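Dock chain B against the given chain A, drawing on the hints supplied.
Chains as they are written, first to last, in the working numbering: chain A, 1 to 384; chain B, 1 to 579.
Read the hints as simulated data drawn from the structure, not as lab findings.
Fair warning: there could be bad hints in the mix.
A short, non-exhaustive set of chain A residues, derived as facing chain B with CB atoms under 8 Å [what the hints assert, rightly or not]: (1) 72; (2) 100; (3) 104; (4) 105; (5) 106; (6) 112; (7) 116; (8) 125; (9) 129; (10) 130; (11) 181.
Using 25 Å as the maximum straight-line C-alpha spacing, the simulated SDA-like pairs for lysine to any residue come out as follows [as the list claims (entries may be wrong)]: (12) 133/A / 493/B; (13) 133/A / 26/B; (14) 138/A / 492/B; (15) 242/A / 80/A; (16) 133/A / 31/B; (17) 133/A / 492/B; (18) 367/A / 350/A.
Here are a few chain B residues that sit away from chain A, every Cβ distance over 12 Å (derived from the structure) [claimed, not checked]: (19) 41; (20) 48; (21) 61; (22) 66; (23) 67; (24) 79; (25) 223; (26) 290; (27) 312; (28) 370; (29) 413; (30) 440; (31) 459; (32) 527.
As the structure is a computational prediction, the values presented were derived from the model and not from experiment.
Backbone N, C-alpha and C define an ideal beta-carbon position, used for all residues, glycine too.
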Amino acid sequence: MTMTTHDTPASAVTEEPRNGVDIVGLRKRFRAPDGTIVAAVDDVTLHMPKGDFCVLLGPSGCGKTTLLRCLAGLEHPDEGRITIDGQPVFEPGLRTVEPQDRPVGMVFQSYALWPNMTVADNVAFPLTTGPRKDRMPKEQIRARVDEVLKIMGLSSHGTRAIGQLSGGQQQRVALARAIVAGTDVVLFDEPLSNIDAKVREILRRELRAMQQDLGFTAVYVTHDQAEAMELADQITVMRSGKVMQNGSARDIYERPRNRYVAEFIGTANLIPVTSAGGDSHQVATAIGPMRIADPGPGASADGSRFVASRAHRWWIDTAERSGENVWSGEITNAVFAGSYTEYVVRVGETSVRVWADDDPELAPGRKVWVGVDPAACVVVLDHD
Amino acid sequence: MTSTLQRPETVPAAAARPARSGRRFSSFQLVSWVAAAVVVAFIVYPVGRAFIGELGMELPAVVGVLTSAKTLEVLRNAVVAVALGGGLAFLIGAVLAWINVRTDARMGWAAEALPLMPLFVPAIAGSIGWVFLATPEAGFLNHWLRKLLGLVGVHLETGPLDIFTWPGLVFVYALYLTPYAYLAISSGLQSLDPALEEAARVSGCGPVKTLFRVTLPNLKPAMGAAVLQLITIGFALFSVPVVIGTSAQIQVLPVSIVQAVTRKYPPDLITALSMSLILITIVVVAWSVERRIMAKGRFARIGGRGARAALVSLGRWKLPARLLVLGYLGATSVLPFLALLLVSFQGFWTPQVDFGTLSVDNYVDLWGRLAVRRGITNSLLLALLTATITTLLAALLAYLSYRRRSFLGRLVDGVIKVPAAISHIVVGIAFLVAFAGPPFRWNGTLLLLVSTYVVIFLPQASFYANSAIQQIGPEMREAAEVSGARDWRVFLRVILPLMAPSLVAGWSLLFILSAGEINASAMLAGPGSPVVGQAILDLWTAGTFPLLASLSVVITVVSTAVVLTVLALGGRPNSGSAP
Chain A
1 MTMTTHDTPA
11 SAVTEEPRNG
21 VDIVGLRKRF
31 RAPDGTIVAA
41 VDDVTLHMPK
51 GDFCVLLGPS
61 GCGKTTLLRC
71 LAGLEHPDEG
81 RITIDGQPVF
91 EPGLRTVEPQ
101 DRPVGMVFQS
111 YALWPNMTVA
121 DNVAFPLTTG
131 PRKDRMPKEQ
141 IRARVDEVLK
151 IMGLSSHGTR
161 AIGQLSGGQQ
171 QRVALARAIV
181 AGTDVVLFDE
191 PLSNIDAKVR
201 EILRRELRAM
211 QQDLGFTAVY
221 VTHDQAEAME
231 LADQITVMRS
241 GKVMQNGSAR
251 DIYERPRNRY
261 VAEFIGTANL
271 IPVTSAGGDS
281 HQVATAIGPM
291 RIADPGPGAS
301 ADGSRFVASR
311 AHRWWIDTAE
321 RSGENVWSGE
331 ITNAVFAGSY
341 TEYVVRVGET
351 SVRVWADDDP
361 ELAPGRKVWV
371 GVDPAACVVV
381 LDHD
Chain B
1 MTSTLQRPET
11 VPAAAARPAR
21 SGRRFSSFQL
31 VSWVAAAVVV
41 AFIVYPVGRA
51 FIGELGMELP
61 AVVGVLTSAK
71 TLEVLRNAVV
81 AVALGGGLAF
91 LIGAVLAWIN
101 VRTDARMGWA
111 AEALPLMPLF
121 VPAIAGSIGW
131 VFLATPEAGF
141 LNHWLRKLLG
151 LVGVHLETGP
161 LDIFTWPGLV
171 FVYALYLTPY
181 AYLAISSGLQ
191 SLDPALEEAA
201 RVSGCGPVKT
211 LFRVTLPNLK
221 PAMGAAVLQL
231 ITIGFALFSV
241 PVVIGTSAQI
251 QVLPVSIVQA
261 VTRKYPPDLI
271 TALSMSLILI
281 TIVVVAWSVE
291 RRIMAKGRFA
301 RIGGRGARAA
311 LVSLGRWKLP
321 ARLLVLGYLG
331 ATSVLPFLAL
341 LLVSFQGFWT
351 PQVDFGTLSV
361 DNYVDLWGRL
371 AVRRGITNSL
381 LLALLTATIT
391 TLLAALLAYL
401 SYRRRSFLGR
411 LVDGVIKVPA
421 AISHIVVGIA
431 FLVAFAGPPF
441 RWNGTLLLLV
451 STYVVIFLPQ
461 ASFYANSAIQ
471 QIGPEMREAA
481 EVSGARDWRV
491 FLRVILPLMA
501 PSLVAGWSLL
511 FILSAGEINA
521 SAMLAGPGSP
531 VVGQAILDLW
541 TAGTFPLLAS
551 LSVVITVVST
561 AVVLTVLALG
571 GRPNSGSAP
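Just chain A, same shape as in the assembly (with noise of 0.2 Å):
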């Protein structure tokens, strides 16, 4: 058993530390086989309050694993400083705090059960692997482990072999052995993905009914958009290691800072902006000006920018609108996608998306009207 030195005051730490996970400036750079270096994760700098549960999203290869794999332990940066529950553990030159010194449990993608122990022993785990003085008794740990599975409503298969168990009794088994030990950052690396979709779907609000009870903060890797949206009280949106956009659901998906946010997430119309300055309030854009309620940060900015509005915040008509934001056009597609249509109008040049009742007049080839409520408007950025 390796001995600890324990801490020496962290003189390096300016700022008061924070409850929750802090992460300040960090990056971490492989060498690809072809010998170029990629920065997997770019000078990220995140904080995730105590108890809340935190996505982090983006497509594969955008450097969220990496990052979690960082707040691990699995992966050492290659610069910056994360702290978690206001105890440092990565600070360059000073310490690496290894995983299993770490206040974190993990679910892994694949689970990471131990087939060779039973589930009452895989929860048990981390239980048992401090020093043997500072262990709590057996009869305690039973009672810990009993109390544990039956939260999960695993309470009768505590003597089980990891394979009798379905997708979704593993995924249980494996959030219980990361709580197990009372940890109070939890670790999510894309659990529910090997699971159905149905089943999925239950997963999902049990999780974020037991984190919300439980109190642990979550920091939850995912990919698939509508499960962030469900689980999250605050979302960081990923890609090529950088942080695109940081907020709640809501901001994310209605506030979208740029391109790449407002088109990851959900389906975005994006008109491009065509004169710079002005009335901020009323933007030239390609299909003529549109009037925006509150055009937030990207207003102001230089460069390439475009109006992003969702698809079910247009509206449709067969009959002659006018008015602000109304235009009208030609409709060239439409898909029936069950709770709605998507009808695809071209205005001008440009096409634009329309998620609305299914109507059967509305056919391609029919002229029509479309429009945007100037609130469901903002300017986002081609790059940020």
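Same frame as chain A, but now just chain B:
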């Protein structure tokens, strides 16, 4: 999920782990790196001392040995034996592999048993069995064939078969090399995505055209691996030529190397080492040629879906195909074993079997001989030690290089594979040179044998350990680390138990391989440390056939029992080592 969710009672301080900064170097790492260093030293030092320290000083003598007529003759004999025997083995192995993988003549148990033949019946026992079967005068097969021929009016005094000839030698080489060709080619066939062939068929190729335009070109890597195996193992093969070649007056390179050490006093190390250089050169050249071929071609990689191709229907050829498979199994195991069994119950070896006089006296006699009995107990002890030490070392080293992909880890990984390329005999000589004399003076001790065996069998043990550990996803270890477990605990509670099934299989095979080890033992075992392999050679040289037969039977039975146990335990034994 229960509806009564609640935050668990406050967990005692011990469970809530505070963040601590860990020491960089744990006792586990210390132990593993020390073990790695010792292993590397035990490989690099003897090989270096033998070939640089010893041989480097005597370059004119080396040139003399390498250019002598005697060396050229034994080399030529080895090349002929390996080329013909290996070529035949390649053909038989390929046909058997095709029958067992791709046709409806396949027999599941035969497919399993075939690559294991050298483990069921060790080559030394099999060779002696074939001597009993096909010696011109007293061979059982010859005796019965003469009787049959007598019925049709042909009367012979000797023959018609003669094992002590070039064809006889090539035949036995082929028998005991076939499994290596079979293993490589059948696994190539199994991993070749059947869709490649199906696509060719759908594109309008007939079955024969498909075989030549798609199947065979894509099997090139497997065939290359088979040839490399045949060359590596064929040139190192000692037990077959020592039994059959010597009596046939055909001296083969490995036998000359061993005899330079055992038949001369003091041992002629310069000759042995110089000839070993030839062995090493052959393997290195073969290996680099194979690498070059592999690097050049574009070959189908493993399909990975485990799809099985539709089996080729052989129709009326199904029975002959099955007879071929059974014939091979009979020739390598059943026939020689029956011959050994028969002689082991006879007072003296004779083809006239008188069932009234058969007795177990030989086994009693065997047990009564102190040298043999000590050989058996020594061999069992050595096997126990070798298998255990090697397995644990290999597991530890495999974990070390799997945990951190460092340059040092890869170096250790590379060094422990060296003994596989330089054959038992060469390792044996290197150890003799390095440790038998001063300052170690281990000559005639079990210590010398154990350390040699460990180095000899380490490549095979690491093959098991590496394949075991590669099946364990890295998240198994990471989950343990995030759960707070340290090195020793991760290794002992998670990694080792998950590796256990493969390690047990590997252990058992190392056990029988080291119990019957004959190549290095022939040189290293002295009167002070007799082992089974050496006892067999002594009995062979002395011509004590009934005793020799009974000892061979014992070895074969023990071997087979262990392999069957491993199979029953679900292990997948592998015979990929020099016999």
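We went through each hint and held it up to the structure:
1. 72: holds, 5 Å
2. 100: With a minimum Cβ separation of about 5 Å from chain B (threshold 8 Å), the hint on residue 100/A holds.
3. 104: For residue 104/A, the interface hint holds, since the closest Cβ of chain B sits about 6 Å away, which is under 8 Å.
4. 105: holds, 7 Å
5. 106: holds, 4 Å
6. 112: holds, 4 Å
7. 116: OK, holds: residue 116/A within 8 Å of chain B, min 4 Å.
8. 125: With a closest approach of 5 Å, the residue 125/A hint holds.
9. 129: holds, 4 Å
10. 130: holds, 6 Å
11. 181: Result: holds, 5 Å to nearest chain B Cβ.
12. 133/A / 493/B: Holds - the C-alpha atoms of residue 493/B and residue 133/A are around 19 Å apart, at most 25 Å.
13. 133/A / 26/B: holds, 19 Å
14. 138/A / 492/B: The given pair, whose Cα atoms are some 20 Å apart, holds under the 25 Å limit.
15. 242/A / 80/A: The given pair, whose Cα atoms are some 14 Å apart, holds under the 25 Å limit.
16. 133/A / 31/B: The given pair, whose Cα atoms are some 24 Å apart, holds under the 25 Å limit.
17. 133/A / 492/B: It holds: about 19 Å lies between the C-alpha atoms, which stays within 25 Å.
18. 367/A / 350/A: Distance ~15 Å between residue 367/A and residue 350/A Cα, so the pair holds.
19. 41: Since the minimum Cβ distance to chain A is about 27 Å, residue 41/B lies beyond 12 Å and the statement holds.
20. 48: Check passes; 33 Å lies beyond 12 Å.
21. 61: holds, 48 Å
22. 66: Consistent with the label, residue 66/B stays out of reach of chain A, its closest Cβ about 43 Å off (over 12 Å).
23. 67: holds, 47 Å
24. 79: holds, 41 Å
25. 223: holds, 28 Å
26. 290: holds, 23 Å
27. 312: holds, 36 Å
28. 370: holds, 46 Å
29. 413: holds, 19 Å
30. 440: Fine: 37 Å to the nearest Cβ keeps residue 440/B off the interface.
31. 459: holds, 27 Å
32. 527: holds, 47 Å
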